[in-house]
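Got chain A; can you put chain B on it based on the hints?
Here is what each chain is made of, one letter per residue.
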Amino acid sequence: EAQVTQNPRYLITVTGKKLTVTCSQNMNHEYMSWYRQDPGLGLRQIYYSMNVEVTDKGDVPEGYKVSRKEKRNFPLILESPSPNQTSLYFCASRRNVDYGYTFGSGTRLTVV
Amino acid sequence: DQQVKQNSPSLSVQEGRISILNCDYTNSMFDYFLWYKKYPAEGPTFLISISSIKDKNEDGRFTVFLNKSAKHLSLHIVPSQPGDSAVYFCAALVVISSGSARQLTFGSGTQLTVLP
Numbered sequence: 001e002a003q004v005t006q007n008p009r010y011l012i013t014v015t016g017k018k019l020t021v022t023c024s025q026n027m028n029h030e031y032m033s034w035y036r037q038d039p040g041l042g043l044r045q046i047y048y049s050m051n052v053e054v055t056d057k058g059d060v061p062e063g064y065k066v067s068r069k070e071k072r073n074f075p076l077i078l079e080s081p082s083p084n085q086t087s088l089y090f091c092a093s094r095r096n097v098d099y100g101y102t103f104g105s106g107t108r109l110t111v112v
Numbered sequence: 113d114q115q116v117k118q119n120s121p122s123l124s125v126q127e128g129r130i131s132i133l134n135c136d137y138t139n140s141m142f143d144y145f146l147w148y149k150k151y152p153a154e155g156p157t158f159l160i161s162i163s164s165i166k167d168k169n170e171d172g173r174f175t176v177f178l179n180k181s182a183k184h185l186s187l188h189i190v191p192s193q194p195g196d197s198a199v200y201f202c203a204a205l206v207v208i209s210s211g212s213a214r215q216l217t218f219g220s221g222t223q224l225t226v227l228p
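Chains A and B, in that order, give the protein sequences. The C-terminal position of the first sequence is numbered 112 in our numbering, with every residue numbered one higher than the one before it. The C-terminal position of the second sequence is numbered 228 in our numbering, with every residue numbered one higher than the one before it.
Looking at chain B on its own, in the form it has when it is part of the complex:
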């Protein structure tokens, strides 16, 4: 049973418009969420994260929103650029009391294509 779900395998948007990537989770114990970006023939790279005590985190063109009651998070990219074309993975973990983290659980990924 997948605890982190990305229901859209692919998304296409026009350059300059907003890209919205969605992620749902089932485990209410998750308290930290991350987004990774992956280009072909490379490993995933960290993009942005959010703690469960927040509902929004912004870093330049990237904003992550968290709706805990709906167990849903989304990544907004504004404006989208062709170089943003990649697979985006949502991931979640449980922070244990000692300050360290349990293993990361990943979603299945969404292929974003930004059209010029």
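One chain only, chain A, in its complex shape:
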């Protein structure tokens, strides 16, 4: 089944403790992206990657890092999480020439 898999689904952590949210897709998509969803703000892009070793900032990149060492994986790294990063996070992928994304099921992160 074609899908985007995120882990974990739920995570509660403390301020300053580094964490990684993994994302993997099995569709051989070139383009991958991370979004966060907050009430009243919709989905805002954090980082995106158009292919292996090619990443770029989205609209809200502060406090996040990403890497794209392999085509299928695009982990989101929070080096020093803060409470304002409490949010619902979605990973998504598509082919570069396509317009619509396939989204993962989301990761609910709480930073206390």
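For the record, the hints were derived by calculation from the structure and aren't laboratory data. Hints should not be assumed to be uniformly reliable.
Simulated DEER-style distance windows between Cβ atoms [stated by the list, open to error]:
(1) A:Lys17 / B:Gln193: 39 to 47 angstroms
(2) A:Asn96 / B:Ser122: 33 to 41 angstroms
(3) A:Lys71 / B:Gly128: 44 to 52 angstroms
(4) A:Asn96 / B:Asn169: 21 to 29 angstroms
We put the CB at the ideal spot given by N, CA and C, even for glycine.
Using the frame of chain A, we list chain B on its own:
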């Protein structure tokens, strides 16, 4: 500054009636628009899209209308069903000359509730 706006956070309609969800945009460079539906505890799923060269696209019970001069699009669901209850996101992008797309910009979403 939000380039894609959904001004109604929520909408309730009776089963069998029409649901109309609205979306406005400010960036005249947008040339492709999509609607996504999101159920709780799931990721958004693609619903329907429209290119800026069209003013209407229909897929079963779902129709999207685009008014470029007003920078406005709407999603019509007829007839509405209880299973349509979800958050609906409008999204837009710019298609660059190579045929690939710039990143998707989303609106804030509208919670649709279809009452039985």
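Structure-based check of each hint:
1. The hinted range of 39 to 47 angstroms is satisfied by Lys17 (chain A) and Gln193 (chain B), whose Cβ atoms lie roughly 45 angstroms apart.
2. For the hinted restraint 33 to 41 angstroms between Asn96 (chain A) and Ser122 (chain B), the CB-CB distance of approximately 35 angstroms keeps it satisfied.
3. Under the hint 44 to 52 angstroms, the C-beta atoms of Lys71 (chain A) and Gly128 (chain B), about 46 angstroms apart, fit the expected range.
4. Evaluation of the 21 to 29 angstroms hint for Asn96 (chain A) and Asn169 (chain B) yields a pass: the beta carbon distance comes to about 23 angstroms.
Every hint from the earlier list agrees with this structure, and none is contradicted.
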